[in-house]
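A.B. asks: Here the protein sequences line up with chains Y and D, keeping their order. Each residue of the first sequence is one higher than the one before, counting from 185 in this note's numbering. Each residue of the second sequence is one higher than the one before, counting from 436 in this note's numbering.
Hints may contain errors.
[Claimed, not checked] From chain D, some residues computed to sit far from chain Y (all C-beta separations above 12 Å):
1) G477
2) T489
3) R498
4) G579
5) A626
[What the hints assert, rightly or not] Computed from the model, here is a short list of chain D residues facing chain Y with C-beta under 10 Å:
6) D508
7) G510
8) V519
9) Y602
10) A651
11) D666
Quick caveat, the hints were computed from the structure, so don't treat them as lab data. The beta carbon of each residue, even a glycine, is placed where N, CA and C say it ideally should be.
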Amino acid sequence: MNVTRGFTGRPRVHLPGLPPGQYDAGDDWPVLSAEVTPDLAPADWTFRIDGLVAEPRSWDWDEAHGLPASVYEGDIHCVTSWSKFGVRFGGVSLDAFLDVVRPDASATHAVAYSHSGYTTNLPLADLTGGRAWIAWEYGGRPLPAEHGGPARLLVPHLYFWKSAKWIAGLRLLDHDEPGFWEQNGYHARGNPWEEQRYSGD
Amino acid sequence: MPGRIAVSDRAAALWQTATLTEIRRETPAVATFRFAVPGWAGHLPGQHLMLRLTAGDGYTAQRHYSLASPPDDAGHIELTLDHVEGGEVSGWFHTEARPGDEVEVRGPLSGFFAWPGDRPALLIGAGSGVVPLMAMLRHHRSRGLDVPLRLLVSARGPEELIYAAEYGAETTAVFTRRAPEGVPVGRLSAAQVAPLLAERPPGGWEAYVCGSNAFAEHASRLLVTAGQPVDRIRIERFG
Ligand SMILES: Cc1cc2nc3c(=O)[nH]c(=O)nc-3n(C[C@H](O)[C@H](O)[C@H](O)COP(=O)(O)OP(=O)(O)OC[C@H]3O[C@@H](n4cnc5c(N)ncnc54)[C@H](O)[C@@H]3O)c2cc1C
């Protein structure tokens, strides 16, 4: 251990829901995107799933809203070390979309891509079983554009860069294909509890 | 969105000891910290690193800091830190740190906000957001590059302008609260951005915007309105 002379850190309370290396951002919700916030109206938003599926398809805003509503209530964790407790997102479970397109048995991974050209990769198992959403509401109101509105992917059990803002689609693959930050040295999976921040962690 | 520059995963995965060798005051709230890092793999201007402080009981605090120094400063790196009110890490640097102290760093990180010096660069920063842009300006100077480079830097007043003595003809400073005699006060506007876009260097500008989220939103909108393609704007938000 390399102790830093004179550094004690803040007085600490143990927060059981806080992964290692994270702090509670409280009411703050920092914005961390490397691109210009796109001007994307709900009427222009679409979401597509293709690749290794039986029936590729796209949904527009109204069609997506026709699927059964689903809410995520819990915590989110950003790789830049803030976490937010007890947030509430509204949208549709990704399972509802996947049930329609029917993934092939050979599909193991997905690349999520946004309307702005951002990409991120995920094991398919992290997107199924009620663990991922397409979200368009935050705290009961429309999701703000700088946080990915009109709609973003939400995979709250992984670091938040996996929850692609301005989500445009998923492509299902039989292999892993690094996305934007993953090609920039970030970890392929990004589990906050294992501190999978950078490749090599 | 713009493409990226390949970075070494191996260097980024490794924690290295950085020894503080010098502290230079920039403004009342900002100072530059120079470190010796003998094994530093080098970096591109615009990249940042992760810095870690460790308390006696094993508690660690990690923060991202942009590299202020150009790549050619072999075996040394410089960081420029704003003293954030109540800040855990910047607080330690501004009140405790002295030459000889050791901290840990890993990096360089992210090839997205990096500028290798190849394309005309239009840099817009506010507050400590000017730090990665200064690495680009210093690189441009130390290599004697002739590719066009312009810097727009916003500060509350002249006494808060970081690196004030180092700017040359490439830089325009914008003061939002207090300005010297004869210089207008006001936030960055189309009046400063439009003339730079009108210069249209061969191949067009690669734009780099850095600062708070509010500033990044404002500046990137000005750029888009003035005609800069969205896929040639790179943004780094300090939160
Ligand atoms: C890519 C990148 C590059 C950056 N480059 C620079 C740079 O070049 N120069 C620079 O000065 N900064 C830079 N930053 C910002 C830097 O990473 C830190 O956020 C900043 O120095 C503040 O850290 P701190 O430990 O001093 O403050 P923190 O302790 O993190 O406090 C920051 C704010 O959060 C609150 N807070 C945080 N944690 C807690 C907690 N546990 N309890 C209560 N309140 C808390 C504080 O009250 C304060 O308002 C960069 C950020 C990024 C993402």
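A.B. asks: Run every hint past the structure and note whether it holds.
C.D. replies: Against the structure, the hints:
no. : hint : result
1   : G477 : holds, 15 Å
2   : T489 : violated, 5 Å
3   : R498 : violated, 8 Å
4   : G579 : holds, 29 Å
5   : A626 : holds, 21 Å
6   : D508 : violated, 22 Å
7   : G510 : violated, 19 Å
8   : V519 : violated, 13 Å
9   : Y602 : violated, 26 Å
10  : A651 : holds, 8 Å
11  : D666 : holds, 7 Å
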